[in-house]
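Visitor: Listed here are the chains, written in short residue letters.
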Amino acid sequence: MIQLKNLSKIFRTELIETHALRSIELQVNEGEFVALTGPSGSGKSTLLNVLGTLEHFDEGDYLLDGQSVKGLSDSALSKLRNEKIGFIFQGFNLIKDYSLQDNIELPLRYRGIAASERKRRAEQALELVGLAARRDYHPSQLSGGQQQRVAIARAIAGQPRILLADEPTGNLDSLMARQVMELLEKINQDGCTILMVTHDPDQARRAGRQVQIVDGQLSDAAMYDPLAVKRA
Amino acid sequence: MEQFLYYLKVSWVSIKRAPLPYALTIFILSLGLGVFFANATFYYQLNSDPLPHKSDKLFFPMTLMVPNECRDCQPPRVLSYTNVQKLSQTDIPSAKAGMYSADGYLRLDTKQAPTPVSIRITQPDFFKMFEVPLLHGSIWADDKARLELILSKPTAEKMFGRSDVVGEKILLDDRDFTVVAVLDDWQMLPRLYDANNGGQLSEADQVYMPLETGYDFNYMSNRQSHTYDYTDYRQLSTQGRTGALNQLQFWVQLDTEAQQQAYRQFMSNLVADEQKAGRHPSAPNNQLVPMRNIVSYFGGESADIKAFALVTLLFLGVCLFNASHLSLNRYISNQYEFSLRRALGASRGQLQQQMLADVLLMATFCCVCGLLIAWGGVTLLNFLWPANSLFGRWDLTLLLLLLVVTFTTSYLVTLYPSLRASFGGLNQQLKE
Ligand SMILES: Nc1ncnc2c1ncn2[C@@H]1O[C@H](COP(=O)(O)OP(=O)(O)O)[C@@H](O)[C@H]1O
Ligand SMILES: [Mg+2]
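Line order of the protein sequences matches chains U and S.
The opening position of the first sequence corresponds to residue 1 in my numbering, with each subsequent residue numbered one higher.
The opening position of the second sequence corresponds to residue 1 in my numbering, with each subsequent residue numbered one higher.
Treat the hints with care, as some may be off.
[Unchecked claim] Label pairs and their computed distance ranges (CB to CB):
(1) Glu182(U) x Ala18(S): 13 to 21 Å
(2) Thr397(S) x Glu17(U): 34 to 42 Å
(3) Asp74(U) x Pro21(S): 45 to 53 Å
(4) Leu403(S) x Asp74(U): 26 to 34 Å
(5) Asp74(U) x Asp185(S): 56 to 64 Å
(6) Gln353(S) x Glu182(U): 38 to 46 Å
(7) Ser75(U) x Leu403(S): 29 to 37 Å
(8) Ser75(U) x Thr408(S): 23 to 31 Å
(9) Asp97(U) x Pro386(S): 30 to 38 Å
(10) Trp385(S) x Ser75(U): 54 to 62 Å
(11) Arg111(U) x Asp185(S): 57 to 65 Å
(12) Leu24(S) x Glu182(U): 47 to 55 Å
(13) Gly317(S) x Ser75(U): 29 to 37 Å
[What the hints assert, rightly or not] Straight-line distance between alpha carbons at most 25 Å, and here's what the computed SDA-like set of lysine to any residue pairs gives:
(14) Lys119(U) x Ser11(S)
(15) Lys9(S) x Arg120(U)
(16) Lys119(U) x Glu131(S)
(17) Lys144(S) x Glu131(S)
(18) Lys9(S) x Arg135(U)
(19) Lys16(S) x Lys79(U)
(20) Lys9(S) x Tyr98(U)
(21) Lys79(U) x Gln352(S)
(22) Lys16(S) x Asp136(U)
(23) Lys79(U) x Arg348(S)
(24) Lys79(U) x Lys9(S)
(25) Lys79(U) x Tyr336(S)
(26) Lys84(U) x Gln353(S)
(27) Lys79(U) x Leu5(S)
(28) Lys119(U) x Ser14(S)
Simulated from the structure, these hints should not be mistaken for lab results.
Yeah, the Cβ is synthetic: ideal placement off N, Cα and C, and Gly gets one too.
Generate the whole structure from the sequences, applying the supplied hints.
Guide: And the structure:
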């Protein structure tokens, strides 16, 4: 469903050009769980942002469901983000002075979903992440792991087909990280395609497939991880 | 609608996050708007056109028909009785009236204490030309002298305790008059028919008397008058109609271009004939000033108000600049939230709607605060310049105008910062 063809991304500032992504070729099929690994500054976040249409690219093409995102208008891209893609960030990015319910309803509002339906979906999503009883809480009243679960609820409330997670467990201790990981696996089993950036080799191994980026280029993760070969 | 209420709620929550900078923004903008409004009120009222459909059809004719030789002179701004007669002797105007104002004392009987009143001594066409509304009775049928008065509504109510007093007797300077009509509430603002005397800022007169009666009873003008000889013009009834006592205002209504052209021609013929007859020595200088330009013709524009208008406009500009600077800081500190909303699928259009909600809230606050400050300013100005106090008033048009200004400034203050925020880079903000 995701196809990157010879995709390149250059950040230009007055002084320097950074080749954040170089000639990326990547195909991700419906229902896959892909772990993106690589050293810091290698372009993982940039790749995820390009996939999420938060960032434009300079060369190549990006096909989503067979359709190029090049030349789509801002409103078409927003609609695509809103309906097909869910984001999970390392820093949770919840709005502090909104209740959990309001945080989760936020993307649904921009889709113009009616209040009762929004409420139903938000409750369902909170149920799934095990926080149904706290929907009127504010994020600051929750632990980090709980906050990340709210962020996941927000990402899946819109029933996206792709979940993009940028180091979702980076700020969490190992117990909480495991809970989040289990949740993501569950969501993946329900049919959602997931691309996740991670530094944790254990987590990467639990994903169905590993992709490594070094210096903006994809390298075959299999070469570095014989276990993955066995599994595949 | 639900969505818009949500946008308002989002604006409100973000205000609550940092109420102090927001309050400061509102205060600065309101201060600029309030000071601007206060001055704009006077400017608007002083420059408003009381009869917009007619102000280019009513004219104030003047000629240099005076006994003395005068080179490069402007014609006198008040006219003599004879000259008004001569300028009236034509059918070209649709209406015409000579007039002046005087002081008098009103009472119902000689036991009562007299009430000072201002009298407009005029001819029937006055009421027609300036569209004076009539409440009871009827205007004098012709220009002849008669012991009949027309009262303003407040005067009737003050003297009799009611307004329908047609047929009642009243004493004006202890002479018996009959009330033949009562005007409805009327205040021409500015009172342009009195601009030659600089009286455009004054209140409407209280009592109206026929011109001929005024001359018969020796009422002298309480505004300006000049003479060109040594006749004792206190004997207005015997000398005033023939000599060169200039104290009258004269207005004609010329509805069409053709009428105006014809009347100009009539004036120059008249002046030429008079000169031939040896009644005045000066070279002709005829003026036919439309009511629309009358204040500027007589140099009656208030320079204070004009200078002040410029200053307050500059002040508003400075406040606008400062407020938008503050507002930019606010948006930049909220940029993270904008980016988050974009990432979660809000389009730029939806963020701009959010911005409109911000504008609406800001405009509402600024409107309330700005009008309060303006109200204080107007009260202060009325206190400092009582002469202008009739003009320190708000009407619906002015309020709507002020509303538009408030929205525009609030929009300007919000526009640039919010554009910056909604076009900012997306990924940068969301990374920790
Ligand atoms: N907005 C930006 N402007 C300029 N350079 C950037 C920007 N974002 C990322 N980069 C550069 O692109 C490279 C890849 O960054 P990133 O994708 O954030 O790496 P990672 O997530 O793998 O740590 C880095 O060298 C970074 O400095
Ligand atoms: Mg990163």
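Visitor: Taking the hints in turn, state whether each one holds.
Guide: Structure-based check of each hint:
no.: 1; hint: Glu182(U) x Ala18(S): 13 to 21 Å; in the structure: violated, 39 Å
no.: 2; hint: Thr397(S) x Glu17(U): 34 to 42 Å; in the structure: violated, 59 Å
no.: 3; hint: Asp74(U) x Pro21(S): 45 to 53 Å; in the structure: violated, 30 Å
no.: 4; hint: Leu403(S) x Asp74(U): 26 to 34 Å; in the structure: holds, 32 Å
no.: 5; hint: Asp74(U) x Asp185(S): 56 to 64 Å; in the structure: holds, 58 Å
no.: 6; hint: Gln353(S) x Glu182(U): 38 to 46 Å; in the structure: holds, 39 Å
no.: 7; hint: Ser75(U) x Leu403(S): 29 to 37 Å; in the structure: holds, 31 Å
no.: 8; hint: Ser75(U) x Thr408(S): 23 to 31 Å; in the structure: holds, 27 Å
no.: 9; hint: Asp97(U) x Pro386(S): 30 to 38 Å; in the structure: violated, 52 Å
no.: 10; hint: Trp385(S) x Ser75(U): 54 to 62 Å; in the structure: holds, 55 Å
no.: 11; hint: Arg111(U) x Asp185(S): 57 to 65 Å; in the structure: holds, 58 Å
no.: 12; hint: Leu24(S) x Glu182(U): 47 to 55 Å; in the structure: holds, 49 Å
no.: 13; hint: Gly317(S) x Ser75(U): 29 to 37 Å; in the structure: holds, 36 Å
no.: 14; hint: Lys119(U) x Ser11(S); in the structure: holds, 22 Å
no.: 15; hint: Lys9(S) x Arg120(U); in the structure: holds, 21 Å
no.: 16; hint: Lys119(U) x Glu131(S); in the structure: violated, 64 Å
no.: 17; hint: Lys144(S) x Glu131(S); in the structure: holds, 21 Å
no.: 18; hint: Lys9(S) x Arg135(U); in the structure: holds, 19 Å
no.: 19; hint: Lys16(S) x Lys79(U); in the structure: violated, 30 Å
no.: 20; hint: Lys9(S) x Tyr98(U); in the structure: holds, 11 Å
no.: 21; hint: Lys79(U) x Gln352(S); in the structure: holds, 16 Å
no.: 22; hint: Lys16(S) x Asp136(U); in the structure: holds, 19 Å
no.: 23; hint: Lys79(U) x Arg348(S); in the structure: holds, 11 Å
no.: 24; hint: Lys79(U) x Lys9(S); in the structure: holds, 23 Å
no.: 25; hint: Lys79(U) x Tyr336(S); in the structure: holds, 20 Å
no.: 26; hint: Lys84(U) x Gln353(S); in the structure: holds, 23 Å
no.: 27; hint: Lys79(U) x Leu5(S); in the structure: holds, 22 Å
no.: 28; hint: Lys119(U) x Ser14(S); in the structure: holds, 23 Å
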